[in-house]
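Participant: Below, each chain spelled out in residue letters.
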Amino acid sequence: MSKNSDEKIKRIVIVGGGTAGWIAAAGLSSLYKSEDLSIRLVESEAIGTVGVGEATVPHIRHFNVKLGIDERDFMQKTSATFKLGIEFCDWNRKGQSYVHPFGAYGEPLGGVGFHHHWVRMRKRGDTRSIDEFSLPVKMSHMARFAMPSPDMRSVESTFSYAYQFDAGLYAAYLRSYAEARGVVRTEGRITGVTQNAQTGFVEAVVLENGETVEGDLFIDASGFRGLLIEQTLKSGYEAWSHWLPCDRAWAVPCKASDANTPYTRATARDAGWQWRIPLQHRVGNGYVFSSGFLSEDAACATLMANLEGAAQAEPKMLSFTTGVRKQQWNKNVVAIGLASGFLEPLESTSIHLIQLAVTNLVEMLPDMRFCDDDRDEFNRIMHLEYERVRDFLILHYHATERDDTPFWDYCRAMTIPDSLAYKMALFRERGVIVNYKDGFFLEPSWLAVYIGQGVIPEGYDPLSERISDEALTRYMADYAGKVSAAVQAMPSHAAFLEQYCPSAVVTRRATAGAV
Amino acid sequence: MARLKSILICGSGVAAWFMAAGLSKALEGQNCRITVLDDGAEGDSACLGRAVLTLPSLRAFHSVLGIPEDQVIRATRAWPYTALNMGSYHIGIGDHGARLNAVAFHHFMTWRRQHGQIDNIDAFSIPALMSAQGKFTRPVNDPNSVLSGFSYGLVLDVGRYSDLLRHYALSRGVDVAEGCLTKVDGGAQIASVHRDQGVPLTADLYIDATGAAARLMSTMDVPFEADPYLKANRIRPALPHDTVVPVMTAAGQMLPVMGGTITDDVATDGEGRAFVQGRRAQFWAGNVLAVGHAGGVLQPFMGHELQLLHTSLIRLIGLFPDDGMSAVLAGEYNRLMIQTFDRVRDFVLLPQVLRGQTEGSPELIRKITQFKSRGRVVMYDEETYSEAFWVSVFLGEGVWPERYDRIIDSMDFERLNQQLIRMRDIMARAVSNMPPLQSVAGVPGVPA
Numbered sequence: 001m002s003k004n005s006d007e008k009i010k011r012i013v014i015v016g017g018g019t020a021g022w023i024a025a026a027g028l029s030s031l032y033k034s035e036d037l038s039i040r041l042v043e044s045e046a047i048g049t050v051g052v053g054e055a056t057v058p059h060i061r062h063f064n065v066k067l068g069i070d071e072r073d074f075m076q077k078t079s080a081t082f083k084l085g086i087e088f089c090d091w092n093r094k095g096q097s098y099v100h101p102f103g104a105y106g107e108p109l110g111g112v113g114f115h116h117h118w119v120r121m122r123k124r125g126d127t128r129s130i131d132e133f134s135l136p137v138k139m140s141h142m143a144r145f146a147m148p149s150p151d152m153r154s155v156e157s158t159f160s161y162a163y164q165f166d167a168g169l170y171a172a173y174l175r176s177y178a179e180a181r182g183v184v185r186t187e188g189r190i191t192g193v194t195q196n197a198q199t200g201f202v203e204a205v206v207l208e209n210g211e212t213v214e215g216d217l218f219i220d221a222s223g224f225r226g227l228l229i230e231q232t233l234k235s236g237y238e239a240w241s242h243w244l245p246c247d248r249a250w251a252v253p254c255k256a257s258d259a260n261t262p263y264t265r266a267t268a269r270d271a272g273w274q275w276r277i278p279l280q281h282r283v284g285n286g287y288v289f290s291s292g293f294l295s296e297d298a299a300c301a302t303l304m305a306n307l308e309g310a311a312q313a314e315p316k317m318l319s320f321t322t323g324v325r326k327q328q329w330n331k332n333v334v335a336i337g338l339a340s341g342f343l344e345p346l347e348s349t350s351i352h353l354i355q356l357a358v359t360n361l362v363e364m365l366p367d368m369r370f371c372d373d374d375r376d377e378f379n380r381i382m383h384l385e386y387e388r389v390r391d392f393l394i395l396h397y398h399a400t401e402r403d404d405t406p407f408w409d410y411c412r413a414m415t416i417p418d419s420l421a422y423k424m425a426l427f428r429e430r431g432v433i434v435n436y437k438d439g440f441f442l443e444p445s446w447l448a449v450y451i452g453q454g455v456i457p458e459g460y461d462p463l464s465e466r467i468s469d470e471a472l473t474r475y476m477a478d479y480a481g482k483v484s485a486a487v488q489a490m491p492s493h494a495a496f497l498e499q500y501c502p503s504a505v506v507t508r509r510a511t512a513g514a515v
Numbered sequence: 001m002a003r004l005k006s007i008l009i010c011g012s013g014v015a016a017w018f019m020a021a022g023l024s025k026a027l028e029g030q031n032c033r034i035t036v037l038d039d040g041a042e043g044d045s046a047c048l049g050r051a052v053l054t055l056p057s058l059r060a061f062h063s064v065l066g067i068p069e070d071q072v073i074r075a076t077r078a079w080p081y082t083a084l085n086m087g088s089y090h091i092g093i094g095d096h097g098a099r100l101n102a103v104a105f106h107h108f109m110t111w112r113r114q115h116g117q118i119d120n121i122d123a124f125s126i127p128a129l130m131s132a133q134g135k136f137t138r139p140v141n142d143p144n145s146v147l148s149g150f151s152y153g154l155v156l157d158v159g160r161y162s163d164l165l166r167h168y169a170l171s172r173g174v175d176v177a178e179g180c181l182t183k184v185d186g187g188a189q190i191a192s193v194h195r196d197q198g199v200p201l202t203a204d205l206y207i208d209a210t211g212a213a214a215r216l217m218s219t220m221d222v223p224f225e226a227d228p229y230l231k232a233n234r235i236r237p238a239l240p241h242d243t244v245v246p247v248m249t250a251a252g253q254m255l256p257v258m259g260g261t262i263t264d265d266v267a268t269d270g271e272g273r274a275f276v277q278g279r280r281a282q283f284w285a286g287n288v289l290a291v292g293h294a295g296g297v298l299q300p301f302m303g304h305e306l307q308l309l310h311t312s313l314i315r316l317i318g319l320f321p322d323d324g325m326s327a328v329l330a331g332e333y334n335r336l337m338i339q340t341f342d343r344v345r346d347f348v349l350l351p352q353v354l355r356g357q358t359e360g361s362p363e364l365i366r367k368i369t370q371f372k373s374r375g376r377v378v379m380y381d382e383e384t385y386s387e388a389f390w391v392s393v394f395l396g397e398g399v400w401p402e403r404y405d406r407i408i409d410s411m412d413f414e415r416l417n418q419q420l421i422r423m424r425d426i427m428a429r430a431v432s433n434m435p436p437l438q439s440v441a442g443v444p445g446v447p448a
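Top to bottom, those sequences are chains A and B.
Note that the working numbering numbers the first sequence so that position 487 is 487, with each residue one more than the last.
Note that the working numbering numbers the second sequence so that position 256 is 256, with each residue one more than the last.
Just so you know, the hints here were simulated from the structure itself, not pulled from any lab data.
In this text the structure is predicted, and so the values were computed from the model without any measurement.
Ideal Cβ placement from N, Cα and C applies to all residues, glycine included.
Please note: incorrect hints may appear among the correct ones.
Some chain B residues judged to face chain A by a derived CB distance under 8 Å, without partners named [said to hold, decoys possible]:
1) Q30
2) S326
3) S410
Label pairs and their calculated CB-CB ranges [unchecked claim]:
4) R3/B <-> M152/A: 27 to 37 Å
5) A204/A <-> N417/B: 35 to 45 Å
6) T358/B <-> D418/A: 27 to 37 Å
Stretch by stretch, here's where chain B covers chain A in the computed footprint (C-beta under 8 Å, at least three residues) [unchecked claim]:
7) 31 to 45
8) 360 to 372
9) 423 to 430
10) 463 to 470
With the sequences and hints as input, model every part of the structure.
Facilitator: Pasting the structure below:
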């Protein structure tokens with residue numbers, strides 16, 4: 001029997017800093033002693049980073065906890081705010097908005113999901129929005145915040161939260177974490193890559209100053225260009241632009257106009273959408289658009305005309321092709337972040353997908369034999385995750401009544417993947433929400449977007465009828481009352497931040513916003 | 001939409017009464033008439049053997065019905081078990097050891113093995129130790145207790161279990177139609193079911209629980225697909241052996257029930273009742289659902305029979321149709337049930353494939369390859385058996401991962417070894433202090 005010790009990889013080289021690179025460095029260094037596995041990260045200050053995803057999803061908290069990160073300390077140093085969800089404006093129709101919250105709507109009653117009961121009452125003329133039954137939605141509306149209660153019976157336990165932070169500061173935070181655990185950072189621009197003549201495996205990267213950095217396993221966190229995964233190994237790319245036609249983004253930070261909102265905003269525009277991510281010291285903004293439907297200049301003008309405060313930097317433009325690397329792991333190179341694929345930040349999944357890749361890499365960490373099974377299993381799982389996020393994003397574009405621009409006409413009429421079409425059919429017909437073991441977005445997320453974008457079930461679970469109208473009416477009034485009372489008792493988000501984790505950022509930073 | 005007003009269940013065995021009992025509870029107060037029509041055949045339409053194992057989650061079914069466990073035990077001459085004795089190892093209902101630093105326990109056993117410490121894997125499993133020593137106690141709720149990491153199921157007499165559910169269903173107003181099924185007017189939808197007396201029966205929804213004959217589904221142009229991997233096709237009663245715990249041998253299973261042991265051997269060809277393993281291409285077509293053997297047949301192993309029935313019931317309730325009989329709901333039911341069935345099939349296959357007796361499905365081969373290579377248990381959507389079951393069979397059949405999770409190499413070896421030895425000692429002590437299986441309250445009687 002072979003032993004682990006015979007074949008262990010000893011050197012990991014991370015190519016590229018930025019959020020992806022430092023997440024990998026921090027995640028790996030928290031698990032492996034540096035004597036056992038050396039980790040080096042090569043980055044160049046000359047190459048700007050694309051701050052990936054200033055807004056996040058609740059999974060980041062598990063990652064931070066695994067690393068032993070203190071929440072208050074981390075939030076202060078990254079100028080973070082709390083995030084309870086995303087407000088989507090003008091997606092279904094102009095003038096209409098909804099919140100996709102991190103939390104539940106009501107609770108199951110008589111073994112039947114709450115939304116079935118809600119649909120039933122709606123059919124009988126009840127006009128109340130489903131928002132009345134979601135604590136995080138109401139908290140968002142009123143810009144309140146308090147920590148979720150650990151008592152699972154209380155309504156205060158029915159939500160979760162994520163953060164909105166400065167991605168550059170998050171990377172810096174993780175950098176100091178990783179360096180304290182033995183990760184060695186090398187400054188320098190990579191000018192060459194050496195490969196094994198027989199196998200094509202990457203043996204080293206060569207820096208501008210002539211230095212060679214050798215490794216057993218390379219993590220490509222070099223961004224869109226995919227220095228190793230694509231430029232060196234030609235792993236190929238599966239484009240999804242026909243379903244997600246946006247291919248450009250302008251980004252610019254601005255001064256905040258009012259108190260920090262505990263949510264991200266995504267406003268649909270003529271040929272894409274604009275994000276608004278409130279931090280403690282500024283607001284990140286960007287316009288994600290399709291160049292096939294709108295010129296770059298016009299998009300920039302739209303963004304600059306729709307800022308709530310003075311711009312704090314020149315707008316920067318990014319180009320991308322939505323899709324996924326055909327092999328996110330190829331030979332001895334594992335791509336993470338933008339090198340592995342691109343999904344627009346509509347649901348703030350960028351950092352989540354990086355952390356998932358790191359978690360799966362740990363699970364599938366290869367040895368010097370680099371057997372294909374490790375690679376194939378990693379690629380299978382990551383591809384599935386990308387596809388499932390993709391479908392959820394497509395839903396936002398496709399489930400719309402908007403017919404005011406050619407862009408929305410295209411999205412409304414396009415053919416969607418079968419994997420999404422049957423999910424929508426099930427919901428539309430009977431309010432059934434499909435769940436998977438893998439796949440990040442769970443039932444309440446699908447529910448929020450379906451309902452918010454006008455996909456209202458025609459039928460509901462007939463077993464809802466086991467609860468009488470009177471009992472249901474009483475229950476719903478009671479639950480809405482509890483939600484309302486709970487929100488009233490909470491401090492404002494701004495007050496909570498001030499007391500819990502006031503930003504340590506004193507001078508305003510002049511980086512462009514982020515994708 | 002209009003609610004379903006009538007459901008006709010055809011069949012006379014445990015599958016029919018399981019669905020009748022479950023639906024009568026789920027649909028209470030809904031004015032939906034549930035009728036059971038005997039299919040005129042011998043009843044065994046979900047279980048090949050005469051006794052069957054349940055998995056712990058079936059307790060949820062009994063609890064929804066409101067039948068206390070003591071009553072189930074008395075009425076079905078049931079016997080609790082915590083592990084299936086596979087001869088040289090046990091498949092315990094519960095984990096081996098405990099996770100340390102988020103690393104699954106079998107990696108530590110692999111690590112010890114690579115360092116020359118050959119452990120008996122059962123020594124790290126409370127349910128396996130209990131089974132081996134004929135001990136029993138119910139698990140406790142406190143997650144910090146060593147007695148919280150396992151569960152138990154029951155060995156049931158199938159005929160008696162079917163009777164229990166029948167009484168339950170009848171007491172809740174389920175009707176029995178007189179006569180036996182003679183003919184089905186099928187096609188794209190079932191129009192009516194004829195019998196040897198009385199007028200033909202019609203319903204909004206038909207449930208085929210007629211066993212492998214699938215007398216309703218077979219009229220629906222939904223082919224039966226024989227399983228390409230599982231070859232056993234005969235089952236026969238064998239001589240009873242004395243055992244107080246369930247035992248699986250190469251030939252079949254010995255299951256203790258109160259008052260005796262029921263032994264059934266499976267074989268390829270030869271004597272015995274014939275069966276073909278496999279499933280229908282769809283479990284729900286038009287207005288008919290096939291459950292139990294009418295939907296699919298697998299040789300007995302680790303209690304999948306009632307588990308699959310329970311899953312069918314839960315899925316049907318979750319996707320409960322109205323009288324429009326939506327193809328969309330049926331499509332989702334089929335997608336879920338096909339995955340569920342095939343993953344259970346893979347579990348039944350696992351020991352046979354590891355012994356080189358047959359081939360595995362592509363999904364199972366990936367699972368085996370991943371475990372052999374690095375101790376990873378690939379879990380797909382719709383798995384019935386949790387990681388612990390798969391790990392028990394892999395290690396029990398002598399398949400050790402080539403590599404353990406190397407996070408272990410960053411831990412303190414000495415301390416880790418001490419921790420593991422202490423864990424083993426605590427488990428051994430806990431089990432030796434337990435009362436013998438036969439003396440447990442609620443289990444009146446000793447297998448003869």
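Participant: Holds or violated: is there a CB of chain A closer than 8 Å to the CB of Q30/B?
Facilitator: Holds. Min distance 6 Å.
Participant: Please verify that hint: S410/B, Cβ, nearest Cβ of chain A, below 8 Å or not.
Facilitator: holds (4 Å)
Participant: Range hint 35 to 45 Å: satisfied by the CB atoms of A204/A and N417/B?
Facilitator: holds (38 Å)
Participant: Mind checking, does the segment 31 to 45 of chain A have 3 or more residues with a CB under 8 Å from chain B?
Facilitator: holds (count 5)
Participant: Using a Cβ cutoff of 8 Å, are there at least 3 residues of the segment 360 to 372 of chain A near chain B, or does the coverage claim fail?
Facilitator: holds (count 6)
Participant: If you check the beta carbons of T358/B and D418/A, does the distance land in 27 to 37 Å?
Facilitator: holds (33 Å)
Participant: Examine the segment 463 to 470 of chain A: at least three residues should have C-beta closer than 8 Å to a C-beta of chain B.
Facilitator: Held - the segment 463 to 470 of chain A has 3 residues with a Cβ nearer than 8 Å to chain B, which meets the minimum of three.
Participant: Are there at least three residues in the segment 423 to 430 of chain A whose beta carbon sits under 8 Å from a beta carbon of chain B?
Facilitator: Since three or more residues must qualify, the claim that chain B covers the segment 423 to 430 of chain A holds, with 4 doing so at under 8 Å.
Participant: Holds or violated: is the Cβ of S326/B closer than 8 Å to a Cβ in chain A?
Facilitator: Holds: closest Cβ of chain A sits about 6 Å from S326/B, inside 8 Å.
Participant: If you check the beta carbons of R3/B and M152/A, does the distance land in 27 to 37 Å?
Facilitator: Once the Cβ atoms are compared, 33 Å apart, the range 27 to 37 Å for M152/A and R3/B holds.
Every hint, counting from the list given before, is met by this structure.
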